[in-house]
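Position one of the sequence shown corresponds to residue 0 (numbering that gives the first Met the number 0), numbered consecutively onward.
None of these hints come from the bench; they were simulated from the model.
Please read all numbers here as calculations on a predicted model, not as lab measurements.
Every residue gets a Cβ at the ideal spot worked out from N, C-alpha and C, and that includes glycine.
Check each hint, because a few of them may be wrong.
Said to hold, decoys possible - Simulated restraints, written as ranges between beta carbons of each label pair: (1) ALA294 to SER404: 30 to 38 Å; (2) ALA52 to ARG386: 52 to 60 Å; (3) TRP57 to THR389: 48 to 56 Å; (4) GLY59 to GLY22: 38 to 46 Å; (5) TRP57 to THR337: 34 to 42 Å; (6) ALA443 to GLU173: 29 to 37 Å.
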Amino acid sequence: MLPASRRLADHALATEWADLPPGTQTATLAFLHDTLAVGIAGRNAPNADAIFAAARGWSGDGGSGVVLGRAGARLTAPHAAFVNAFQIHAQEYDCVHEPAVAHPMASVAAVLLADACRAPVAGTDFLSAIVGGVDVIASLGVAARGPLKFFRPATAGIFGSIAALCRQRRLSPEVTTHALGYGLAFASGTMQAHVEGMPTLAVQVAAAARSAVEAVDLAIAGLEGPSGAIEGPFGYCALFENDVDLPPLLDRLGEVRRIEEVSWKPFPTGRAAHGAILALRLLVAENGLTPDQLARFVYRAPPLIHRLVGRRPYAGMSVAYARLCFAWIGAVVLSRGTIGLGDFTPERLSDPALLALADRIHVEVDDNTDLAAFVPAVGTATLLDGRTLTHAVSRQFGSPDWPLSREQHLEKASACLTFGGLAAAHAPLIALISDLAQEDDVAAALTCVLEG
């Protein structure tokens, strides 16, 4: 039996677009479209200009890598991947693989696009690489049973991105294994940034994307890396996760394509807040709940929900913190029925009325023992007149069993492009995505659509 590193490499390298079922192809195109749109919106995310300025300083005058939403900007491949991955994840709007607790497309798409700008890449290779890379990230995430201590979109993300890039360039299993070894050397990113609500969270994803490009470049240059990057005594499973059971996931490689298990984010917040947002929206729609009626709202949910979005609000909190604070998010939803990209402004974050309402909204832990569970959960509103309203949440809006409709998907994409200043690219981008498998040069075609 081959070691885990080699099995994951072989699986990604063997992925061929023509062999994938229609459902896998449809999901891949949809989430690529979603990712590009979100990344363009991220051009106007907090700190995005500073990230770009820093990367431009590192990159110098050379480079061919396009930067989403920044017409004419070019960086070296590692730094283009860095900026694009940051922009994709910075607003907590990118798609997520819930069972893996990972955001696979943020790093994978950024890496593949950066590399595709260095030399022409056919659409089928680009799309196949996405599928293979997501399989690797999701397999590593699902195999872990312990609580998060490292930030999996970064730590698992680098390995999936390396596997994807090696597939895109059709590199050998040996070179890919060496590249994964350098991925282990570069892997980093803890949950401390999440606890504190720092922009470091998206920077960790950006660093994973940058390092994935560099790891592959080192392997191509002939440097040998550790062969046990995943399964070794000091490899990924031993150092970054607790209670890992990877063999069953390796045995299922190819049986299910993990891109089909990915969920949209209907709202630009931590995914763990989405069930609570839904509960509040339905209580408003079905019962006419208003802020002035509410005494207290409690979202009782699995431990992961409290850990990720149960933090308390405060005046002057950062945007990154607020996106992961359901109490404040819930106050916005209760006040205006939804939450969007335009809600995260300094004025809104310090609004006394919103903060006072947020103080009445809480997340509590239930007795669920599944440390990766998002549902089931129950939202309970206690009113000032003594009435109690409840709504049970058994599934997540945007998940595979409750996906966005085509119209909702396109509405989100359009809103993201508008936020990023590229509203006119909406129709051309739809057309490009639908025909991407026929393209001979993905980067050239995308640049034509986004930059004219």
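### Task
Any hints from earlier that this structure breaks? Give me their numbers in increasing order, please.
Going through the list in order, the structure violates no hint and respects every one.
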